[in-house]
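Peer 1: As a plain string of letters, each chain reads:
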Amino acid sequence: MSESEKPVSLQSYFRLCAVVFLVVVCTTSAMIGTSFSHLGEGWTLKVTLILAIAVVNAFLVAGYLMHLLSEKKLIYTVLGFTAFFFIGLLGLTVWATNGFPPGTVSH
Amino acid sequence: MEIPYTVQNRPDTGIYNAKLGVWLFLASEVMLFGGLFSAYVLLRVGAAPGDWPHGWLNVTLGTVNTLLLALSAITTLLAWAACKVREFGKFKFFHACTILLALTFLGIKSYEYHDKLTHYEAQLTNGKFADGHFVKESKDFNLAKKTGTITLHGHIVEDRKELVDLRSPVAKAAKHEEITIAATDIKKLGNYGPAHNTFTAIYFTLTGLHALHILGGTLVIFYLWGPGSRMWKTDPERFTNRIEVSGLFWHFVDLVWIFLFPVLYLT
Chain E
1334 MSESEKPVSL QSYFRLCAVV FLVVVCTTSA MIGTSFSHLG EGWTLKVTLI LAIAVVNAFL
1394 VAGYLMHLLS EKKLIYTVLG FTAFFFIGLL GLTVWATNGF PPGTVSH
Chain H
665 MEIPYTVQNR PDTGIYNAKL GVWLFLASEV MLFGGLFSAY VLLRVGAAPG DWPHGWLNVT
725 LGTVNTLLLA LSAITTLLAW AACKVREFGK FKFFHACTIL LALTFLGIKS YEYHDKLTHY
785 EAQLTNGKFA DGHFVKESKD FNLAKKTGTI TLHGHIVEDR KELVDLRSPV AKAAKHEEIT
845 IAATDIKKLG NYGPAHNTFT AIYFTLTGLH ALHILGGTLV IFYLWGPGSR MWKTDPERFT
905 NRIEVSGLFW HFVDLVWIFL FPVLYLT
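First to last, the protein sequences are chains E and H. In terms of our numbering, the first sequence opens at residue 1334 and continues consecutively. In terms of our numbering, the second sequence opens at residue 665 and continues consecutively.
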């Protein structure tokens, strides 16, 4: 049974929403704190940390607000294909970053 | 002819048709934004060291917008839950909150765009750069004819690189004041619009597309809150499902912003 088919109690949703919002506030603060901190030399470490926190934030929204933690298998299948193509898209981009055609002049 | 499986789940998929439809639509949306995010990665990785801007966007406004969208995602969920427990009055209240929060988000975004479009950089004939917000221009100001003057609130720098990282100690120490420049002293003048550089180009593209999604979602939610809510009297279960699928879209829009905010404002 998916989340949307279960009996709903408005009170339990209020509690869930309060917790989610509190965590969103905390993760957003953590991202801002990391951005303005003096971690590492360049931006690599900070970008990695900030994106990791953003993934936690996204998991909360997708898992609890979109009920993805208790969905039907078909939806997971659709999302599995999406993730595969999305990662492929980003992977190809990164792979092609230094792939210039022969004779390219850089300034 | 009646549309099948608007309320009941299809035996083969286990979900009602609109829900499967919206998830397939969201999958295509992931690829749309994914393409733009990979363009961002390519532009950023390909930028010469020290050329990628930092601190160009207002973190406070970005944070407020993040919290507004998070709150709107919550009110959307509560609106659906209110429908589930058959409390139509609460549904109306929560969705009205969603609409107000979305409009506030768009208002703040418009303010940010206005700020960028009135922010100018002038390359001067003496090799220096003037950077600041537009204050006024003389009536006869014409850059092509080299007549008149323009006044900016900002500062003049020797090296353009000083304008790239606004979080650097040098940029923070800069004193901003009104500068009046004669058109004859300007070699090139441009605002911080999409054509300014690759950062502003990808910033306007990503946030513009996202803002269009917010606008579209708001219109749908407004319809369901207003005239579309008549369905509640005739077919409340189907109406509740409509609220669920529109909510799924709204949560996706929130998800996109969760990545846009750190990528553009914080890194």
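Heads up, a few of these hints could be off.
Unchecked claim - Simulated crosslink set (BS3-like; lysine-lysine; CA at most 30 Å straight-line):
1. H:Lys780 x H:Lys809
2. H:Lys756 x H:Lys780
3. H:Lys780 x H:Lys800
4. H:Lys851 x H:Lys803
5. H:Lys836 x H:Lys800
6. H:Lys825 x H:Lys839
7. H:Lys839 x E:Lys1379
8. H:Lys780 x E:Lys1379
9. H:Lys897 x H:Lys773
10. E:Lys1379 x H:Lys809
11. H:Lys809 x H:Lys756
12. H:Lys756 x E:Lys1379
13. H:Lys792 x H:Lys852
14. E:Lys1405 x H:Lys803
15. E:Lys1405 x H:Lys836
16. H:Lys851 x H:Lys810
17. H:Lys851 x E:Lys1379
18. H:Lys809 x H:Lys852
19. H:Lys825 x H:Lys780
20. H:Lys756 x H:Lys803
21. H:Lys825 x H:Lys851
No lab work stands behind these hints, which were simulated from the structure alone.
Peer 1: Going through the numbered hints above, which ones does this structure break? Give me the numbers in ascending order.
Peer 2: The structure conflicts with hints 2, 9, 10, 11, 12, 14, 15, 17, 20, although it agrees with all the remaining ones.
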